[in-house]
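Going down the list, the protein sequences come from chains A and B. Residues 1 to 343 (the numbering used here) are what the first sequence spells out, left to right. Residues 1 to 210 (the numbering used here) are what the second sequence spells out, left to right.
Rather than coming from a laboratory, the hints here were simulated on the basis of the structure. Hints should not be assumed to be uniformly reliable.
To be verified - Counterexamples of contact, computed for chain B against chain A with all Cβ distances above 10 Å:
no., residue
1, S39
2, F58
3, G64
4, D75
5, W81
6, K83
7, V87
8, E90
9, R111
10, A133
11, M157
12, V162
13, R170
14, A192
Claimed, not checked - The following label-pair restraints were derived from C-beta to C-beta distances:
no., chain 1, residue 1, chain 2, residue 2, range
15, A, L253, B, K110, 35 to 41 Å
16, B, K110, A, V141, 15 to 21 Å
17, B, L112, A, L327, 52 to 58 Å
18, A, E343, B, E135, 35 to 41 Å
19, A, K240, B, R109, 32 to 38 Å
20, B, A114, A, S310, 48 to 54 Å
21, A, S15, B, R109, 21 to 27 Å
22, A, S30, B, M89, 31 to 37 Å
Glycine included, every Cβ here is placed at the ideal spot set by N, Cα and C.
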Amino acid sequence: MKKYTLIKFFKGEASEKEIDSIISWVNESSANKKYFAREKALYTAISSAKQSVADKVVVDSGAAKRSKIIRYATYFSVAAAAAAVFFFAGYASHGNGGFLNSGKLFSSDKLMSSGSAVSVFSHKTTMHTLYTERGVKGFIVLPDSSRVWLNSDSKITYPEEFRGKTRNVTISGEAYFEVQKDSLHPMIVMTNKNFSLEVLGTSFNIKSYDNEDNAMATLYTGSIKMHYRNVNTSKISTIKLKPNETFNYTPKLAEVKQFISLKPENDKAWKDGALVFEDTPMPEVIKMLERWHGTKFIVKNDEIYQYKLSAVFTSESIVQIMEIMKLIMPIKYSCKNNVVTLE
Amino acid sequence: MVNEVLSVLIKMSNYNSSIFVPGLSSPVERPCVVDTDISKKALFEKIYSANLQRVTFFACSYLGDISEAQNVAHDVFTSFWNKMEDVDMERAVPYLFESAKNSCLNALRKRLNANKYSDSSIKEKTDLLNYSALESSGFSRLYEVDVESIISKGMTMMKPKVRRTFVMSRFKGLKNREIAGIEGVGESTIEARITAALLIMKRLLKDYID
Numbered sequence: 001m002k003k004y005t006l007i008k009f010f011k012g013e014a015s016e017k018e019i020d021s022i023i024s025w026v027n028e029s030s031a032n033k034k035y036f037a038r039e040k041a042l043y044t045a046i047s048s049a050k051q052s053v054a055d056k057v058v059v060d061s062g063a064a065k066r067s068k069i070i071r072y073a074t075y076f077s078v079a080a081a082a083a084a085v086f087f088f089a090g091y092a093s094h095g096n097g098g099f100l101n102s103g104k105l106f107s108s109d110k111l112m113s114s115g116s117a118v119s120v121f122s123h124k125t126t127m128h129t130l131y132t133e134r135g136v137k138g139f140i141v142l143p144d145s146s147r148v149w150l151n152s153d154s155k156i157t158y159p160e161e162f163r164g165k166t167r168n169v170t171i172s173g174e175a176y177f178e179v180q181k182d183s184l185h186p187m188i189v190m191t192n193k194n195f196s197l198e199v200l201g202t203s204f205n206i207k208s209y210d211n212e213d214n215a216m217a218t219l220y221t222g223s224i225k226m227h228y229r230n231v232n233t234s235k236i237s238t239i240k241l242k243p244n245e246t247f248n249y250t251p252k253l254a255e256v257k258q259f260i261s262l263k264p265e266n267d268k269a270w271k272d273g274a275l276v277f278e279d280t281p282m283p284e285v286i287k288m289l290e291r292w293h294g295t296k297f298i299v300k301n302d303e304i305y306q307y308k309l310s311a312v313f314t315s316e317s318i319v320q321i322m323e324i325m326k327l328i329m330p331i332k333y334s335c336k337n338n339v340v341t342l343e
Numbered sequence: 001m002v003n004e005v006l007s008v009l010i011k012m013s014n015y016n017s018s019i020f021v022p023g024l025s026s027p028v029e030r031p032c033v034v035d036t037d038i039s040k041k042a043l044f045e046k047i048y049s050a051n052l053q054r055v056t057f058f059a060c061s062y063l064g065d066i067s068e069a070q071n072v073a074h075d076v077f078t079s080f081w082n083k084m085e086d087v088d089m090e091r092a093v094p095y096l097f098e099s100a101k102n103s104c105l106n107a108l109r110k111r112l113n114a115n116k117y118s119d120s121s122i123k124e125k126t127d128l129l130n131y132s133a134l135e136s137s138g139f140s141r142l143y144e145v146d147v148e149s150i151i152s153k154g155m156t157m158m159k160p161k162v163r164r165t166f167v168m169s170r171f172k173g174l175k176n177r178e179i180a181g182i183e184g185v186g187e188s189t190i191e192a193r194i195t196a197a198l199l200i201m202k203r204l205l206k207d208y209i210d
C-alpha cells in the first residue's frame, strides 16, 4: 500500500479504484486496520492545527484567509439605555417592532480561538455559519448580495465566496430569502430534511426546523424547483413552484403537497415582526411562541391542546400575549424564570 | 438546551458585565432571568473556545460534512455542559474527543444502515473506511498536546526542499501539480516530499497515540 494513496484518501482525492484497494488492504489483517486508523488520526490532528500554525510561521499567508468575524448585525440599532427601557416594557411597539436588538446574530467564528471559521478539505473556501437562538431573529447579506432573514432558532451556512456553478447554502429553521438573480449560477438551498431548493432570482420563505416532522416553503416571486428524495424509491423527484404556491413536505410519510396558498403573506409575516395565528391549534401556537420569545411552556391541563387561536401579535411581550390569550380562552397562566405555566 | 448554552456564550464573550442583575443590562430581553453559576460558565467558555474548532474539524474529517460536524460539536459541548460536575477537568479534552468519537460513530452507523447512498458508492466506501478508522483509534491524547508547536518544531527539522513543499501544500493550499510546476520537478517527487514531511510529524506525535 503506497503511503501516498492513504494521504490521497484522507484529502478526499482518492479515486474509487484507489479506495477499493485501501479497503481490501485494510481487511487483510488487523495490523493493517490499526495502521490505517493511526494514520487517519495523525493526519487529522496535523491538519487541524494548520490554520494557527500558518500565523506563526512566516509565510505569505495569501490562501490562509482569515474569515471576517461577523459582528452583530442589528436590524435596528438601539442605544444601550433605550434597550433597558424596552426590556422592561417587553417588546415596545416601534413600527416594525419585534426585531429591536434581537437582530442579533452570533457567528461561530467569534467563539473560536483562532478566529477562523471551520475550513474543511478545500483550503481556500471558509464557511460561515450564523445561528439565531430562540427569541432572536437575524438578517444577513450573502456574498452575492442576496438577502436572508432568519427566524428564531435557525441556522444558515454559506461560503465566504460563491465559487463554482452553483451558489450553495445550507439552512435549518426558518428563513426568508431574497435571492439575487443570476441565471448562470442557480442558488441551491440545502436543508436538513433531504430536499433542496434550486432558485434563480426569487423571493421565498422556507421553514424546515429540526424538531418538526415537516417542512414547507412558499414562493413569492420568481420560480423555484424543489428536489427531494423519495424515501421509498430512492429516486430524486422535482416539483416546480409558481408565485403564491406553497409546498409542504413530510419526509417520514414521503408526502409532498403542492397547493396555491390562500394567504401566502402569513408565512412570511414573522419577518416583519408579526406572529400570525389563524385557527392555529394550541400545540403549534405554543411551539411558535417558544421560538419567538425564547420562553418555555408547561401545560398543566391537556384540554388546552384542543383550543385554537386566531390572533396577530406584533411586538407584545410574552406577558402581554398571555393577558390577551386569557381574554379569548379559558386559561390561567403564571410566569417565572422564563417559564410559562398554563392551566 | 443548546440554545441556553449558546446564549450563555453570547453573554460571556460579548458583554463585559458578567453579573446578571435581573431586569437590567441583560442583553437578551427576557422577562425573567435565570440565575446561574458564574464560575462554571467561565470554565466552560474557556474550554469551549479552546476546543470548538478542533472538535468540529475532527468530526468533519470523519463525517465529510460540515453541518453534520457542527451538529456533533453542538452535541459534544452540550453534554459536556450537562456533565461538567462529573468530569475531571484535567481530563476535559480527552472527554470531549471521546464524546465526539462516539457521536461520529453513531452518525456513520446511521448513514450506513439507512443505506440511502445515491449514485456513487464512493461515499459509502468512504464512510466504511472512516468508521473502521474511528472505532480502532485511540487518539484522545493527541489533542492534549500543543499540536501547533509540534508542527513548528517538525518544520525546523525538515530539509529546505521538503519544508518549502510542505508549506506550499499545507498553508498555501496548492495542488501537487502546481507545486511540481513551481519547483520544476515531477509530481511524484512532490508526493515523496510531502510523505517525508508527514513522517517527521508522525514521529514527533507517536507517543500520543496508541
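Consistency of the hints with the structure:
No Cβ of chain A approaches the Cβ of B/S39 within 10 Å, the least distance being about 19 Å, so the stated non-interface status holds. For B/F58, the requirement that its beta carbon stay farther than 10 Å from each beta carbon of chain A is not met, with the minimum near 6 Å. For B/G64, the requirement that its beta carbon stay farther than 10 Å from each beta carbon of chain A is not met, with the minimum near 7 Å. Separation of B/D75 from chain A is adequate, the least Cβ-Cβ distance of about 12 Å exceeding the 10 Å criterion.
Non-interface call for B/W81 relative to chain A: holds, since the shortest CB-CB distance, roughly 14 Å, exceeds 10 Å. With a closest Cβ-Cβ approach of about 20 Å to chain A, B/K83 is found to remain outside the 10 Å limit, as its non-interface label requires. Taking the minimum C-beta to C-beta distance to chain A, about 20 Å, the non-interface status of B/V87 holds against the 10 Å cut. Remark: the non-interface label on B/E90 is consistent with the geometry, its nearest Cβ contact in chain A lying 20 Å away (cut-off 10 Å).
At the 10 Å boundary, the C-beta of B/R111 stays outside the reach of chain A, the nearest C-beta of that chain being 12 Å off. For B/A133, the requirement that its beta carbon stay farther than 10 Å from each beta carbon of chain A is not met, with the minimum near 4 Å. Consistency note on B/M157: stated as away from chain A, and its beta-carbon is indeed over 10 Å from all of that chain's, at 14 Å minimum. Annotated as non-interface, B/V162 keeps its C-beta farther than 10 Å from every C-beta of chain A; the closest such distance is 14 Å.
With a least beta-carbon separation of about 5 Å from chain A, B/R170 fails to lie farther than 10 Å from that chain, contradicting its non-interface assignment. A beta-carbon of chain A is positioned within 10 Å of the beta-carbon of B/A192; the least distance is around 8 Å. Checked against the hint of 35 to 41 Å, the pair A/L253 and B/K110 fails, with Cβ atoms roughly 20 Å apart. Hint check: B/K110 to A/V141, Cβ distance near 35 Å, so the stated range 15 to 21 Å is violated.
For B/L112 and A/L327, the hinted distance range of 52 to 58 Å is satisfied, since their beta carbons lie about 54 Å from each other. Remark: the range hint 35 to 41 Å for A/E343 to B/E135 is contradicted by a beta-carbon distance near 50 Å. Here the CB-CB span from A/K240 to B/R109 is close to 36 Å, well matched to the stated 32 to 38 Å. In this structure, B/A114 and A/S310 break the distance hint of 48 to 54 Å, their C-beta atoms being roughly 41 Å apart.
In this structure the hint that A/S15 and B/R109 lie 21 to 27 Å apart at CB holds, the actual value being about 26 Å. Against the hinted window of 31 to 37 Å, the Cβ-Cβ separation of A/S30 and B/M89 comes to about 35 Å, which satisfies the hint.
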